[in-house]
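Asker: Spelled out, the chains give:
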Amino acid sequence: MTQEHTLKFKTLVTVLLMVLCANVGDLLLKRGMTQIGAVQISLDGLRHAFLSTVQNGTIWLAILFLLGYTFCYMSAVSWADYSYVMPAGAFGYATQTLLAVLVLHEAVSVKRWIGVFVICIGVLLVGQTKPNTTNSQQAAS
Amino acid sequence: MIKMILMLGVLICSSAGGDIAMTYGMKRIGELQGFDPRSVLRFLGRAVKCGWVWLALSLLGVSFASLLILLSWAPISLVVPASAFNYVAGTFGAKYLLKENVTPKRWLGVALVFVGVLLVVATG
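The listed protein sequences correspond, in order, to chains A and B. According to my numbering, the first sequence is numbered sequentially starting from -5. According to my numbering, the second sequence is numbered sequentially starting from 876.
One thing to keep in mind: the hints can contain errors.
To be verified - No farther apart than 27 Å at their CA atoms in a straight line, the calculated lysine-lysine pairs in the BS3-like style are these:
{"hint": "1", "chain 1": "A", "residue 1": "Lys2", "chain 2": "B", "residue 2": "Lys878"}
{"hint": "2", "chain 1": "B", "residue 1": "Lys974", "chain 2": "A", "residue 2": "Lys105"}
{"hint": "3", "chain 1": "B", "residue 1": "Lys974", "chain 2": "A", "residue 2": "Lys2"}
{"hint": "4", "chain 1": "B", "residue 1": "Lys878", "chain 2": "A", "residue 2": "Lys105"}
{"hint": "5", "chain 1": "B", "residue 1": "Lys970", "chain 2": "A", "residue 2": "Lys2"}
{"hint": "6", "chain 1": "B", "residue 1": "Lys970", "chain 2": "A", "residue 2": "Lys4"}
{"hint": "7", "chain 1": "A", "residue 1": "Lys4", "chain 2": "B", "residue 2": "Lys974"}
{"hint": "8", "chain 1": "A", "residue 1": "Lys4", "chain 2": "B", "residue 2": "Lys878"}
Claimed, not checked - Beta-carbon label-pair distances, calculated as ranges:
{"hint": "9", "chain 1": "B", "residue 1": "Gly905", "chain 2": "A", "residue 2": "Lys105", "range": "42 to 52 Å"}
{"hint": "10", "chain 1": "B", "residue 1": "Lys970", "chain 2": "A", "residue 2": "Gln(-3)", "range": "20 to 30 Å"}
{"hint": "11", "chain 1": "B", "residue 1": "Gly936", "chain 2": "A", "residue 2": "Gly39", "range": "28 to 38 Å"}
Unchecked claim - Not the full set, but computed from the structure, chain A residues with beta-carbon under 7 Å of chain B:
{"hint": "12", "residue": "Thr0"}
{"hint": "13", "residue": "Leu1"}
{"hint": "14", "residue": "Ala32"}
{"hint": "15", "residue": "Leu45"}
{"hint": "16", "residue": "Tyr87"}
{"hint": "17", "residue": "Ala88"}
{"hint": "18", "residue": "Gln90"}
{"hint": "19", "residue": "Leu92"}
{"hint": "20", "residue": "Glu100"}
{"hint": "21", "residue": "Ser103"}
{"hint": "22", "residue": "Ile115"}
{"hint": "23", "residue": "Gly116"}
The set of hints was computed from the structure by calculation and includes no laboratory data. What you are looking at is a predicted structure, and each value in this text was computed from that prediction instead of being measured. We put the beta carbon where it would ideally sit given N, CA and C, even for glycine.
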């Protein structure tokens, strides 16, 4: 296996883990925010939303998954290009929409599914490009 | 509708800015050398000493708060794909701030992601 293949495999596994954590985390966030109710944009509304959020167990569980996402993301961008990792993670939009239908029973129109399909084609195109086009230190210098 | 678009704007700007600052910071502290606890702790130790990581975390905190607000207003199948608008801003940031080489094929992929997101948002 060449170095480039190893890098692609490592990046793919990390991105898949990243997507899984993000999907579960977002679903739990939606469930938690549904329990809390629509946030009012006022001082009292924001204070009430903040207190309800920090006391909600579902939100904390969501945060745990999102921390997993953040760790995978931080690892991935430490060796791969941001412009590779970011769109590659967009595959999660398809799985997220599917989970919204299956778990939260949201209605998703044909047009929205077409949009999700176009996102996936874009993601496949990005996935065929080199994960790292710069030197790690070069980008920061 | 206007307040939702404004909140979406806050989400996109803070998210793209946070991602770019995080990538810049991560490139400065260097690659994670292994997944054993010692390497991970050393990696996290380097990360907490980097100002760019703290700037990124602050922006991502704003992004998280705006995501929570949006999720309390609208379905997840609309909010999450709509947040992908940051892909365009992010790719421009990657090219001009992080000096990454974005190939035409990658630009095409990102453009398709953008069109897909537009279609998703148009159904909202």
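Asker: Each hint: holds or not?
Answerer: Status of each hint after checking the structure:
1. A:Lys2 - B:Lys878: Violated, at roughly 41 Å.
2. B:Lys974 - A:Lys105: 36 Å, violated
3. B:Lys974 - A:Lys2: Holds - the C-alpha atoms of A:Lys2 and B:Lys974 are around 21 Å apart, at most 27 Å.
4. B:Lys878 - A:Lys105: Judged against 27 Å, a Cα distance of about 24 Å means the pair holds.
5. B:Lys970 - A:Lys2: 21 Å, holds
6. B:Lys970 - A:Lys4: Judged against 27 Å, a Cα distance of about 23 Å means the pair holds.
7. A:Lys4 - B:Lys974: 23 Å, holds
8. A:Lys4 - B:Lys878: 41 Å, violated
9. B:Gly905 - A:Lys105: 42 to 52 Å: 44 Å, holds
10. B:Lys970 - A:Gln(-3): 20 to 30 Å: The hint (20 to 30 Å, Cβ to Cβ) holds, given that B:Lys970 and A:Gln(-3) are roughly 25 Å apart.
11. B:Gly936 - A:Gly39: 28 to 38 Å: Given range 28 to 38 Å: violated, Cβ gap about 19 Å.
12. Thr0: Since chain B brings no Cβ nearer than about 13 Å to A:Thr0, farther than 7 Å, the hint is violated.
13. Leu1: Violated. Min distance 11 Å.
14. Ala32: Since chain B brings a Cβ to about 5 Å from A:Ala32, closer than 7 Å, the hint holds.
15. Leu45: 13 Å, violated
16. Tyr87: 5 Å, holds
17. Ala88: 9 Å, violated
18. Gln90: 5 Å, holds
19. Leu92: Violated: closest Cβ of chain B sits about 9 Å from A:Leu92, beyond 7 Å.
20. Glu100: 5 Å, holds
21. Ser103: 5 Å, holds
22. Ile115: 5 Å, holds
23. Gly116: 3 Å, holds
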